[in-house]
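Keeping their order, the protein sequence lines are chains A and B.
0 is the number of the first residue of the first sequence in numbering that gives the first Met the number 0; add one for each residue after it.
0 is the number of the first residue of the second sequence in numbering that gives the first Met the number 0; add one for each residue after it.
Derived from the structure by calculation, the hints contain no laboratory data.
Watch out, some of these pointers could steer you wrong.
[Said to hold, decoys possible] Pairs of lysine to aspartate or glutamate, EDC-like flavour, derived with a Cα cap of 20 Å:
(1) Lys70(A) x Glu129(B)
(2) Lys180(A) x Glu65(A)
(3) Lys33(A) x Glu227(B)
(4) Lys42(A) x Glu132(B)
(5) Lys374(B) x Glu107(A)
(6) Lys374(B) x Glu364(B)
(7) Lys42(A) x Asp168(B)
(8) Lys70(A) x Glu227(B)
(9) Lys180(A) x Glu227(B)
(10) Lys93(A) x Asp100(B)
(11) Lys34(A) x Glu227(B)
(12) Lys139(B) x Asp110(B)
(13) Lys303(B) x Glu110(A)
(14) Lys42(A) x Glu129(B)
(15) Lys374(B) x Glu325(B)
(16) Lys42(A) x Glu227(B)
(17) Lys42(A) x Glu136(B)
(18) Lys375(B) x Glu107(A)
(19) Lys303(B) x Glu117(A)
(20) Lys191(A) x Glu227(B)
(21) Lys349(B) x Glu117(A)
(22) Lys184(A) x Glu227(B)
(23) Lys303(B) x Glu107(A)
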Amino acid sequence: MSFINYSSREINCKIVYYGPGLCGKTTNLQYIYKKTNPDSKGKLISLATETERTLFFDFLPLALGEIRGFKTRFHLYTVPGQVFYDASRKLILKGVDGVVFVADSQIERMEANIESIENLRINLAEQGYNLDNVSFVVQYNKRDLPNVVPLDEMKKALNPRGVPDFEAVAPDGTGVFDTLKAVAKLVIMELKKRQESG
Amino acid sequence: MIVPCDCGANLRLDDGKVGDKGVRVRCPRCGTVLHARRPEQTPEMPPPLPPVRLQASPVPAQQPPTAPGITVLIALENEGARAMIRDILFEHGFGVEEAADGLVALQKVADLRPQVVIVDVGLPGIYGFELCERIKEHQKESAPKIILLASTYDIHRYKRGPVSLYGADDYIEKHQIADLLVLKIRRLLYGEPAGEPSEHEGVAPAAETPTLQPAMKRSEDAFEFSPETLLRDDIEEPVTAPAGPGGAAGPEPAPSSWLDTFIKQSQDGPAMSPDSFSVESSVLHGGDAVLSPVAEGDPEAVGKAKRLARIIVSDVALYNQDTVREGILNGTFYDLLRDDIEEGRQLYEKRVPSPIREMRDYYQEAFDSFIEAQKKIVR
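Looking at chain A on its own, in the form it has when it is part of the complex (with noise of 0.2 Å):
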């Protein structure tokens, strides 16, 4: 849940971008941070590696501005990728507003989304979290490969709940902002629905 900071009037939400290994998290928070504002921005923590490789997470640090005087910011992290990094994972999704599943749209890979997914609700679930009532998006990245699987077909793998979800292209930003902008839009209700329900 968001972090608020009473003394520093802070507000701290927390987006994961989850996916299997190489799907492109890193590349949205790399175009993310390259085309925002240097004044909105912190810095983006990456540890990779030469075969782009994740070390244990990206980190960039987004300031919306202010809601009543406090200063709002989204902290947008990703996970590494490969199965072998569960536990990494499941301290990223500690204290998740927001989960943004990237899927490789390459056939060869859509096992490899349905395990990453399959490990997000599990992973979720230990921490008390529902993937069903999370704030969710999907990205089908890579579209513009030519082994993409057909978005009908990754729908019905990946989203069947049919939430907010977009093609996307990381390295040149298609889709990014748009992927971005809808769980921010999903996060910001969850917080009213909240404290309407509480």
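Here the structure of chain A is known, so what remains is to put chain B in place on it, guided by the hints.
Positioned in the frame of chain A, the structure of chain B alone reads:
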């Protein structure tokens, strides 16, 4: 045993660590490598005689200045890792202070003025990279040297350093501590001989700008996105502050607003609190791969085992594309990728119950199938 150095320092060594062939130690003050050993002994001539210095390495091109006692602050949550570093530093004659979180570390930096701070990236309280920036910002020229401690999942995998050190002076990976930490400290304090190669190819120490954007002009036109629009665009009800007498940053919010109520309810929310994110348990200790297992009684258990095997193969191949190609062409696939394949097998065996694994080796079959397919492509 005490080993004297030409610079005037006396190095204290544990006798038990000085074997028959002696031991090589590096003076923390000047960096000279000393080869110390016990004097030859006979039954008639019992110890202890003072140790003798037999050999010193060539004097560095630039003799570093001498320095008074050096204090190193270790800012690291994990107690075991701190102890390991502490022992190494003690062994080399450094004074050591410790902090388990960023707040304590910041206070100790202010109070104790250590010459060197080792900061873990995932430090709780204040993240390591934030701590670096705060120390450098507040103390400027008098700031201590900072070595950022990152962690690796596998020492063979990560060859490129971080794109930014966030104000730190150097960077070290956990597996390098025993070999390189003291050298790095010495280098930061006394300078390094010209031309000495960096251990981290590609690392730009203390680079403040991530490498992903060097070609980007910092002009207004280059930035197309203002995060403020996330609050204003596409949201059914804008939640920006109403323009009251006090403006957006005015007096305390009215308690009746949904946001204020939410804030009051959420003050202790864990999203970004220090305990919400610690990489210690997984990255430093390698405790990954705790995925849900394939259930033995599951009618789809075989299918799931096969799928897991294929996913592992796919991951291994995806992250090693050049190596895969080389291995296919030269028939050295299993040799070149031995570590990855073994790592994958451990995960496979952890998740797939033995009765399923004993039916057939689906993991091996997945690799065989992959190689056959790749042969057609590569050739």
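Status of the hints after comparison with the structure:
For the given pair, Lys70(A) sits about 18 Å from Glu129(B) by alpha-carbon distance, which is consistent with the 20 Å threshold. Restraint check: the Cα-Cα separation between Lys180(A) and Glu65(A) comes to about 17 Å, which is no more than 20 Å; the hinted pair holds. For the proposed pair Lys33(A) and Glu227(B), the alpha carbon gap of about 16 Å is at most 20 Å, so the pair holds. About 11 Å separates the Cα atoms of Lys42(A) and Glu132(B), which keeps this hinted pair within 20 Å; it holds.
For the given pair, Lys374(B) sits about 17 Å from Glu107(A) by alpha-carbon distance, which is consistent with the 20 Å threshold. For the suggested pair Lys374(B) and Glu364(B), the alpha carbons sit about 15 Å apart, so the restraint of at most 20 Å is met. Simply put, Lys42(A) and Asp168(B) have alpha-carbon atoms about 17 Å apart, close enough for the 20 Å limit, and the pair holds. For a cut-off of 20 Å, the pair hint linking Lys70(A) to Glu227(B) stands: about 11 Å separates their Cα positions.
Simply put, Lys180(A) and Glu227(B) have alpha-carbon atoms about 11 Å apart, close enough for the 20 Å limit, and the pair holds. As the CA atoms of Lys93(A) and Asp100(B) are separated by approximately 19 Å, the hinted pair is consistent with the 20 Å bound. Of the supplied pair hints, the one linking Lys34(A) and Glu227(B) holds, its CA atoms being roughly 13 Å apart against a limit of 20 Å. Straight-line distance between C-alpha atoms of Lys139(B) and Asp110(B) comes to about 16 Å, which keeps the hinted pair within the 20 Å bound.
Between Lys303(B) and Glu110(A) the alpha-carbon distance is near 11 Å, which keeps this suggested pair within the 20 Å criterion. A threshold of 20 Å between alpha carbons decides the hint, and for Lys42(A) with Glu129(B) the separation of about 10 Å falls inside it, so the pair holds. For the hint pairing Lys374(B) with Glu325(B), the CA-to-CA distance comes to about 11 Å; that is within 20 Å, so the pair holds. For the suggested pair Lys42(A) and Glu227(B), the alpha carbons sit about 17 Å apart, so the restraint of at most 20 Å is met.
For a cut-off of 20 Å, the pair hint linking Lys42(A) to Glu136(B) stands: about 15 Å separates their Cα positions. A distance of roughly 16 Å separates the Cα atoms of Lys375(B) and Glu107(A); the hinted pair therefore holds under the 20 Å criterion. For the given pair, Lys303(B) sits about 12 Å from Glu117(A) by alpha-carbon distance, which is consistent with the 20 Å threshold. Restraint check for Lys191(A) and Glu227(B): the C-alpha separation of about 18 Å stays at or below 20 Å, so the hint holds.
A distance of roughly 18 Å separates the Cα atoms of Lys349(B) and Glu117(A); the hinted pair therefore holds under the 20 Å criterion. A hinted pair counts as satisfied when its Cα atoms are at most 20 Å apart, and Lys184(A) with Glu227(B) qualifies at roughly 12 Å. Between Lys303(B) and Glu107(A), the direct Cα distance comes to roughly 16 Å. Compliance with the 20 Å bound is thereby established for this hinted pair.
In this structure, none of the earlier numbered hints is contradicted; all agree with it.
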